[in-house]
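Engineer: Heads up: the sequence lines are chains V and C, in that order.
Numbers 1 to 299, taken from this note's numbering, label the letters of the first sequence in order.
Numbers 1 to 312, taken from this note's numbering, label the letters of the second sequence in order.
Among the hints, a few may not be true.
[To be verified] Straight-line distance between alpha carbons at most 30 Å, and here's what the computed DSS-like set of lysine-lysine pairs gives: (1) C/K225 to C/K117; (2) C/K113 to C/K98; (3) C/K143 to V/K19; (4) C/K214 to C/K248; (5) C/K98 to C/K143; (6) C/K225 to C/K248; (7) C/K157 to C/K143; (8) C/K130 to V/K19; (9) V/K19 to C/K98.
[As the list claims (entries may be wrong)] Derived contacts from chain C toward chain V, CB cut-off under 7 Å, selection only: (10) E58; (11) L60; (12) K83; (13) L90; (14) S92; (15) T93; (16) S94; (17) P96; (18) A109; (19) S110; (20) F111; (21) R114; (22) L127.
These are calculated hints, taken from the structure and not from any lab test.
Glycine included, each C-beta is placed from N, C-alpha and C at the ideal position.
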Amino acid sequence: MSNFASLTRTRILLALRNKMFFFFSVIFPLGMFFLYAGIFARSNPRAVSYFLGPVIAFNVMGSFWGLSATLVMFREQGILRRFHVTPVTATDMLASSLLANYVLTLPTVSIEVFLARFIFHVPSLGNLFSLAVLVTVGTVSFGSLGLVVASVTNTMQETQVLNQIIWLPLIFLSGATFPLAYLPNSVQHFGLFLPATYLVTALQSALYQSFSVSQLLVQILALATWAVLTFFVAAQLFRWEPEARIPRNAKLWALATALPFLLLGAWENTNGDILKQAQTAFHSLERPANSDQPSRTVQ
Amino acid sequence: MVRATNMANPILQVENLVKRYGDVEAVRGVSFNVEEGEVFGLLGPNGAGKTTTVEILEGLRDPDGGRVSVCGLNPQRESEALKHEIGAALQSTSLPDKLRVMEALRLFASFYKRGRKPEELLKRFGLEEKRNTFYNQLSGGQKQRLALAMALVNDPKVVFLDEPTAGLDPQVRREIYDVIEELRREKKTILMTTHYIEEAERLCDRVAIVDFGKVIALGTPRELKAHSGGATRIEVCLSKPESNGALKNLEGVADAREVDGAYVLHSKRPPQTIVSLVKHLEASGNELVSLEIATPSLEDVFIEMTGRRLRD
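Okay, chain V solo, but in the shape it has when bound (with noise of 0.2 Å):
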């Protein structure tokens, strides 16, 4: 067996043994899930539809949580270091941790596509091949943004202080928490420099308008260039020794990951409609297709 496949059954299996991932990989999501179908869509299958995708974009972005912590409790501990005596790289160690994250997030978002059908009773699943793809590329690039966080930050407290930083402007003004179109003009157009931002609105055309693949391309490539920036910036980061210090020029690094959703939301500001998508949706859910009630979700 490759040593990346060893790490990343080795890693699951340890995944599977810690009570705190099943609350935040499992407990968690399925809780937000259940507090948006059943609360905020009112149990409405074309507003739990609507917001199937959000919450799916919460448990996707949620990755970088785990990935920061245990890398860097693995450092901070010296796990690392006897890894690193061993013939594993950088590159064994990191993308395992990503191929196990990614392993374990499709069950939770399996199911919670599979309680949104047959609980709650959302008449069409959207484009299911999108989901598919967008969940790839979400959990691979913000996984790849907790190993960043995880190399720029020495101790476990620096890391939750910046998860904290980075986490709450992601479900904050992306459209993962209130809907992009419902808040105010200006922090929709400073949404579209965030990375969450395409990973939630295109989760939502997926589920709730059906886009496929093509319609999507532009968030997807967006994310895959990203996760492939993250990525090879998180190698270049890489540590093993607790008391290594972080390189001068780490910060410019990490701000470089940065880079392509500042042109991406330039670009969009201007002459794209992501957008307008999200406003679209976000009234028709307001002029109800069919059904007799007007749900009017937000809080």
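Chain V is fixed; fit chain C onto it per the hints.
Structural biologist: Relative to the frame of chain V, chain C by itself:
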């Protein structure tokens, strides 16, 4: 000087090694060779540069000067090839809490082209009963035995043991000694670091005494002790306090000190010293509570060369 005839093709070569951390020179020109099948010890106090030296040989750190070669490879430039040839039990390392013993061995075995059967290593290190135990439920001694087993998982040519018994209680330490002695009988090449005299004397074929980043003495434990012309240590407890001066004047005594309520004498002629000690005590109405005689150890060598004790 020592064993110059065997130095034809050492498996481990260190020449004038230098390593700095900022302004601090941790290793200041260390040189030594290790022969195939030899157990070589780096003995010295904490912070002497032993671990840094070993970590450079393992390819974990880059040196700032000098030349090292392990199995004919350069640990920095040929680190990938090197890692298949070496095994290591590191200091301050750990494994994930919820990894079971057997899983750890299997995982690490999967990284190498060559290897020993994990099953066989379990048996050998007395971990069979613990095969399904989580790492965080192992005792200190069991963790260390697992670390040694893991160091052998690829049947390495050179094994690095960095402070293999640090922090273990004496009984567990002896257990680990037995394991290392077995490796020695198997003619494994081992480079170990330690700050325990007993360990170096008992396990090592040759020892380099390291202090402040330099090798200050090198040879077999016997040679080192002979070179120092070591005095026997006599440790006594008395019923009443006695002045150091009086004890110093006893026959054959080189120096006398009070350490934690006991008196430590160094003597070149122990029998005479003891006779004159007993006479002196009788005359002054004092009594001997206990008496201990220790043959010269590497500790005494270290004290002689540096004026300091090895462990404080």
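Engineer: Run every hint past the structure and note whether it holds.
Structural biologist: Hint check results:
no. : hint             : in the structure
1   : C/K225 to C/K117 : violated, 41 Å
2   : C/K113 to C/K98  : holds, 26 Å
3   : C/K143 to V/K19  : holds, 23 Å
4   : C/K214 to C/K248 : violated, 33 Å
5   : C/K98 to C/K143  : holds, 13 Å
6   : C/K225 to C/K248 : holds, 23 Å
7   : C/K157 to C/K143 : holds, 23 Å
8   : C/K130 to V/K19  : holds, 23 Å
9   : V/K19 to C/K98   : holds, 11 Å
10  : E58              : holds, 5 Å
11  : L60              : holds, 6 Å
12  : K83              : holds, 5 Å
13  : L90              : holds, 6 Å
14  : S92              : holds, 5 Å
15  : T93              : holds, 4 Å
16  : S94              : holds, 5 Å
17  : P96              : holds, 5 Å
18  : A109             : violated, 9 Å
19  : S110             : holds, 4 Å
20  : F111             : holds, 5 Å
21  : R114             : violated, 11 Å
22  : L127             : violated, 17 Å
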